[in-house]
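Asker: Sequence:
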Amino acid sequence: MRPVPFRPRQASQPRMRRLKPTYEPHDIESRWYDRWQSSGAFRPEINPDGEPFSIVIPPPNVTGVLHTGHALNMSMQDAIIRRKRMQGYAALWVPGTDHAGIATQNVVERELAAEGLTRHDLGREAFIEQVWQWKASSGDRIAEQVRRLGFSPDWSRERFTLDDVLSAAVREVFVTLYDEGLIYRGTRIINWCPKDHTALSDIEVDHHERPGELVFITYPFTDGPLDDGTEGVVVATTRVETMLGDTGVAVHPDDERYTSVVGKTVRLPIMERDIPIVEDEGVDPDFGTGAVKVTPAHDPLDYEIGQRHGLEPVIVIGEDGSITEAGGPFAGYDRFDARIAVKRRLEEEGRIVAVEQHMHSVGVCSRCKSVVEPLISTQWFVKVGPLVGPAIDVVKNDISRFIPKRWEKQYFHWMENLRDWCISRQLWWGHRIPAWYCDACGETVVAREEPAACPSCDGRLRAEEDVLDTWFSSALWPFSTLGWPEQTEDLAKFYPTNTMVTGFDIIYFWVARMLKMGLHFMHDRPFDDIVIHGLVRDAEGKKMSKSTGNAMDPLELANRYGADALRLTLLQSAVPGHDIPLNEEWIDASRRFGNKLWNALRFAVEHSEVRGVPESAGYPSNPHPEAAWILSRLHEVASEVDELYEEYRFADAATALYNFAWSEVFDWYIEMAKLGLRSDDQAAETRQTLGVVLRDLLKLFHPIIPFLTEELWSELGDGSLLITASWPDPPKFEAPAAIGELQELVTAIRRFRAEHNLGRRTIEAQLETAGDEVPAWWLAQLESLGGIAVTATVTTPPPGLTRISGGSVALHVALGDLIDVVAERQRIEKAIAEAEELVAGSLRKLANSNFVERAPAAVVAQERDRVEQQESRIAELRTQLERLPA
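Numbering (our numbering), first residue to last: 3 to 888.
Think of the hints as simulated: they come from the structure by calculation, not from any bench. Being a predicted model, the structure only gives us computed values, none of them experimental. Quick reminder that beta carbons are idealized off the backbone N, C-alpha and C, glycines included. Don't take each hint at face value.
Between beta-carbon pairs, the in silico distance windows are [stated by the list, open to error]: (1) E775 / R866: 50 to 60 Å; (2) V577 / E757: 31 to 41 Å; (3) E838 / M361: 46 to 56 Å; (4) A833 / D683: 41 to 51 Å; (5) E775 / G579: 52 to 62 Å; (6) V577 / A328: 37 to 47 Å; (7) V792 / E542: 50 to 60 Å; (8) D683 / A541: 21 to 31 Å; (9) G284 / K398: 48 to 58 Å; (10) D683 / R143: 52 to 62 Å.
Calculated cross-link-like contacts (lysine-lysine; reagent style DSSO-like; alpha-carbon spacing at most 27 Å) [said to hold, decoys possible]: (11) K398 / K495; (12) K266 / K197; (13) K197 / K407; (14) K411 / K398.
Make the full structure from the sequences, and use the hints.
Answerer: The structure is reproduced here in structure tokens:
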């Protein structure tokens, strides 16, 4: 292999200031981002002939700030995209934000409320203008936070879900689906948020188990008691107030308890209307008494039962969460106050048979956490049935792959049980539904452009007031951001995208919908790989929350320890599909690693004159053994990291690099290199090896810790930017077999020195060999690294000397010449006695059943750990004692 000569830094390449003694993240991270962006490095055009590779960012809400989940998600994407750029791909990472209909409208409405105003005081147009003004002044904060953490999307292609291009895509999709019969307007039961005053889709409702009451109520037979004296049917409910809207009672067809009463009617208490008893397979015979009250207007299952049996829906809870006029004497009550009042009235009438404490599932709005109310309402829906099949097949056939694969099972289960998607929202901020109504002839017009008049009667049209669900526009994100419905160059080049990185919590909100829409409109999957990560939790595994005080702000952490330290910590923990614990101490440890890397480069450039390393190649052609070893490990680690990146095993890749850098480059090779740098014969080659190893290490680390690596590259390299450098592909070298024995023996020597407080003094020793000649380089490194002066090589261990072994190699030392043996023996024996006393004390506690049974589990575990630790220490001390000469 022909070496590439090292070139001195050119005069035109300004020397940066001398490296400071310690790594200061703030000093570095404040100046590189603008240089990267202005250089065009974030754009795919930086590699004009490269193979296309693309990712679209999961768009954070424009109202939001980055949380640790965002930091993890974007760290993973940035690691992928930076590596792909360095590999020569035309790599595009599309940034953008979501207009977040409910959340954004709530923010602005709160600001208005502080002024004593509502949106209705302003009117629709003025309110929307107010929201746009808020977006201009406050809504771009998240982009600055993305920059602060060093993420590198192509800002020239930044998108917002209400941009003109994306709005055109939304309208095109809506009209097309409507024309295909896949979007319709109908009256059905939907989820209603009484606080936000809007409809919600099923997946915008979170379900929580909460304590409540199961109330058993007697509905008397209209014709009086049965022959056996049975007065009526007993039903059980957790929502007593909804009985005001009951229009039937249902039982399962196979439930023999009720065979004789099916077809009869019962009198609804309080409301005094007669309602039928029907049989329906939707009834769970094991719930309550097996007979259920049917309230078609306020329960999804009851709605379906009502549809099958012609039971009229009676709306007794209104959009504001209060009882309507149809609720008779309770009209105007809040729904929860009505629950108490209705129960009290039933008790007075003697209709309550029993009340049981009962845990039940309560649906709450995922935004405001208010209890959601199922209501009959006229809304717009997407008929999902025809869209689901292709989205299931593309995953089953591994055209789009979930990573980890175990998420596929949940994805299939959810997709196979979908109901039509309610897409209309009673908001003002968002994509207005492109529909108009003619009050004269009743026609509904859906069009891409606003029509001048009704096409049927030429009458005046009234525009639809509702806007679309935010997730409707987000479902188009992989192709709308590339310019669709226009057939743009970006769309042709970068769709389908390659990778989607997202949390498991939005697989159903977003990933599934992108698959359905992408396949329907682009006739191809929107992405190849769907990489799922878990939640970032605190060090104890608890979900982060401001209310519990364990939330960690990534911007604060970056300001404290550096963005690189935060990114490294997150990626070292990013096992696909698993939740990620985050401890501030680990971030500080990552910062200390940065300092270690800083000092390694500082040694190379300031003490070893390693500068002007070529951007690529430059490996020595016939390296000395120490160089051959580190170069062989560089090749192995680079190959391993490449494989791990391709499998999205970020934690393993980051850990492999971390361990290689710290344990092999810093702890071993740099120390070995000091000997070579002092040799006239080896100095040039050692500098060359040290330069290419550190250069490739910076390249391998750049996707993870970009700021620090770019800074160090500016001192080590040839004046180019690291972000645009080529990805390393170090050649294979053959490592000398003896290197492992050298490391094991040096480690044993260092332990021996520590055990006997020998400090740095040179130790004379005889080296035990099997008769083979020991290489001169090996002996020289043994002396340099271990402080050992080999006085002789022997094949038979000499008597009376202390043996130090490392693997299959051993040294024999006259320990009596180095220490006061008597004093050392006394010290060790005293330490053994103290440790044995601690063990005995702990064993006495553990033998006491009262202690084991009554003490906290952590205290008992601490005693057991103490026994294990002290017994291990005793074994070590006895080994030291055995080494002492008589």
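Asker: Decide, hint by hint, whether the structure agrees.
Answerer: Now for the hints, and whether the structure bears them out:
A C-beta distance of roughly 51 Å is found between E775 and R866, which places it inside the suggested range of 50 to 60 Å. Take V577 and E757: their Cβ atoms lie about 38 Å apart, and the range 31 to 41 Å holds. A hinted range of 46 to 56 Å holds for the C-beta pair E838 and M361, which are about 54 Å apart. Checked against the hint of 41 to 51 Å, the pair A833 and D683 passes, with Cβ atoms roughly 47 Å apart.
At about 54 Å, the beta-carbon gap between E775 and G579 stays in the expected band of 52 to 62 Å. In this structure, V577 and A328 break the distance hint of 37 to 47 Å, their C-beta atoms being roughly 54 Å apart. Separation of V792 from E542 is about 52 Å and conforms to the stated range, judged on CB atoms against 50 to 60 Å. The hint said 21 to 31 Å for the Cβ distance between D683 and A541, and at roughly 52 Å that hint is violated.
Remark: the range hint 48 to 58 Å for G284 to K398 is contradicted by a beta-carbon distance near 30 Å. Between D683 and R143 the beta carbons are some 59 Å apart, a value that agrees with the proposed interval 52 to 62 Å. About 26 Å separates the Cα atoms of K398 and K495, which keeps this hinted pair within 27 Å; it holds. A distance of roughly 40 Å separates the Cα atoms of K266 and K197; the hinted pair therefore is violated under the 27 Å criterion.
Restraint check for K197 and K407: not satisfied, since their Cα atoms lie roughly 39 Å apart, outside the 27 Å limit. Distance check on the hinted pair: K411 and K398 sit about 10 Å apart at the alpha-carbon level, within 27 Å; holds.
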